[in-house]
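Visitor: All chains, please: the whole structure from these sequences, using the hints.
Respectively, the protein sequence lines represent chains C and Z.
If you count the first sequence from 1, position 30 lands on 30 in my numbering, and the numbers rise without skipping.
If you count the second sequence from 1, position 150 lands on 150 in my numbering, and the numbers rise without skipping.
None of these hints come from the bench; they were simulated from the model.
Some clues are possibly wrong.
Derived, one-sided and incomplete: chain Z residues facing chain C with beta-carbon distance under 7 Å [claimed, not checked]:
(1) SER16
(2) GLN17
(3) SER19
(4) HIS21
(5) THR120
(6) ASN146
(7) LEU147
(8) VAL162
(9) THR164
Which stretches of chain Z does chain C cover? Using the computed rule of at least three CB atoms under 8 Å from a CB of chain C, they are [what the hints assert, rightly or not]:
(10) 54–62
(11) 90–97
If you anchor each label on the Cβ, the simulated ranges turn out as follows [said to hold, decoys possible]:
(12) Z:LYS52 - C:ASP132: 53 to 59 Å
(13) C:LYS52 - Z:VAL163: 42 to 48 Å
(14) Z:SER43 - C:TRP75: 24 to 30 Å
Even for Gly, the Cβ is constructed at its ideal location relative to N, Cα and C.
One-letter residues, chain by chain:
2 protein chains.
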Amino acid sequence: MDIREFVKLSIGRWRSQRSGHNLAFSHFEEVRSTIDIVSLAGSDGSVIELCKSAGIDPAAAISPFSMSWEGRSDWDEEETMVGSCVLVPIPDRDNINQGKLLRSQGYAETIAAVGDYYFTSDGTFVLLTEYDRAAAEERIWFATDNLRFRFSSIKTSDGKGVVTASFASEIRSLSGN
Amino acid sequence: MDIREFVKLSIGRWRSQRSGHNLAFSHFEEVRSTIDIVSLAGSDGSVIELCKSAGIDPAAAISPFSMSWEGRSDWDEEETMVGSCVLVPIPDRDNINQGKLLRSQGYAETIAAVGDYYFTSDGTFVLLTEYDRAAAEERIWFATDNLRFRFSSIKTSDGKGVVTASFASEIRSLSGN
Chain C
1 MDIREFVKLS IGRWRSQRSG HNLAFSHFEE VRSTIDIVSL AGSDGSVIEL CKSAGIDPAA
61 AISPFSMSWE GRSDWDEEET MVGSCVLVPI PDRDNINQGK LLRSQGYAET IAAVGDYYFT
121 SDGTFVLLTE YDRAAAEERI WFATDNLRFR FSSIKTSDGK GVVTASFASE IRSLSGN
Chain Z
1 MDIREFVKLS IGRWRSQRSG HNLAFSHFEE VRSTIDIVSL AGSDGSVIEL CKSAGIDPAA
61 AISPFSMSWE GRSDWDEEET MVGSCVLVPI PDRDNINQGK LLRSQGYAET IAAVGDYYFT
121 SDGTFVLLTE YDRAAAEERI WFATDNLRFR FSSIKTSDGK GVVTASFASE IRSLSGN
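Guide: Right under this line is the structure:
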């Protein structure tokens, strides 16, 4: 697995079933959402802008994509969670299996973020992102071409306490709806 | 990470918060449980019996342990789920990082089972177990010495369909209670 293949497999519409665990209070959250992952051209204005704001040559970008989501949590069934972001992988020059991932909007905080990614020996994508007040870890792996699992956890910025963990099962919407 | 270190880190009492995902029906299950993992001597009768029933020399066993659990699901709050099993790692002769794991009681079916385990490059323990009608995959990794995550999925025996996935956050009970 490398970043090109990983992004290629990820393109499409996914039906996501996510469980959030608040570790201190043993609370569960249930979120159902639809996630759309769309390939972007390297020449797309949003890709070039994101690279420039991070001080990186847009020519180094590989397989940029956008992600948008629309979901509902059982904690607040009245409110729909919607959002989108642009993601740009920048592999290391000597190793496509690791590098940086630029995001126009981060997971833990709603500002642009730069994370470090790598693949484990069995093809799991691991992304580590440091924010001002927190650090996030994400792990995504494919069970089949049409089923992927996504783990994420957020630690306090001192790295000592994991405060939340979440796990999503994501099934490809083959109908396109 | 190798099997000795992994078992050593796992010994103790854990407070587990587990989410089950039924993928076909998008159902969530919430399970709270207490898990006790206890080291066993290689000379323990249950270890020797399990090795013999699998046709394996008990001298090949490394770090055998027992696991017991008591939990409640939000699907049936009246019923307490209790159980226990004996687990015996049998590392490959030339590689302690992979091998077989004998269980007196399996995850997907309540009969003895033999699984294959290995560790990924970043220390995740992966266990694959084939049953008559299903195949189970488990992944366990430590975020800190006192927090581990456990993923499991069950596929139909033809390997095509993942029917359930679950994810547990497990926090060490430092009080011993």
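Visitor: Confirm or reject each hint.
Guide: Now for the hints, and whether the structure bears them out:
Evaluation of the SER16 of chain Z hint against chain C yields a violated restraint, the C-beta minimum of about 10 Å exceeding 7 Å. About 5 Å separates the beta-carbon of GLN17 of chain Z from the nearest beta-carbon of chain C, less than 7 Å, and the hint is met. Interface restraint check for SER19 of chain Z: the shortest CB-CB distance to chain C comes to about 3 Å, inside 7 Å, so the restraint holds. The interface hint given for HIS21 of chain Z is met, as the beta carbon of that residue sits about 4 Å from the closest beta carbon of chain C, less than 7 Å.
A hinted interface residue such as THR120 of chain Z counts as satisfied when its beta carbon comes closer than 7 Å to some beta carbon of chain C; here the least separation is about 5 Å, so the hint holds. Using the Cβ-Cβ criterion of 7 Å, the hint placing ASN146 of chain Z at the interface with chain C is not satisfied: the shortest such distance is roughly 10 Å. Checking LEU147 of chain Z against chain C: minimum C-beta separation of about 6 Å stays under 7 Å; hint holds. For the restraint placing VAL162 of chain Z at the interface with chain C, the shortest Cβ-Cβ distance is roughly 5 Å, inside the 7 Å limit, so the hint holds.
With a cut of 7 Å, the hint placing THR164 of chain Z at the interface with chain C is violated, because the nearest CB-to-CB distance is about 9 Å. Under a criterion of three residues with beta carbons nearer than 8 Å to beta carbons of chain C, the stated coverage of the region 54–62 of chain Z fails, only 0 such residues being counted. Only residues whose beta carbon comes within less than 8 Å of a beta carbon in chain C count, and the region 90–97 of chain Z has 0; fewer than three means the coverage is violated. One distance hint, 53 to 59 Å for the beta-carbon pair LYS52 of chain Z and ASP132 of chain C, holds here, with the actual separation near 58 Å.
For LYS52 of chain C and VAL163 of chain Z, the Cβ-Cβ distance of about 46 Å falls inside the hinted range of 42 to 48 Å, so the restraint holds. A hinted range of 24 to 30 Å is violated for the C-beta pair SER43 of chain Z and TRP75 of chain C, which are about 51 Å apart.
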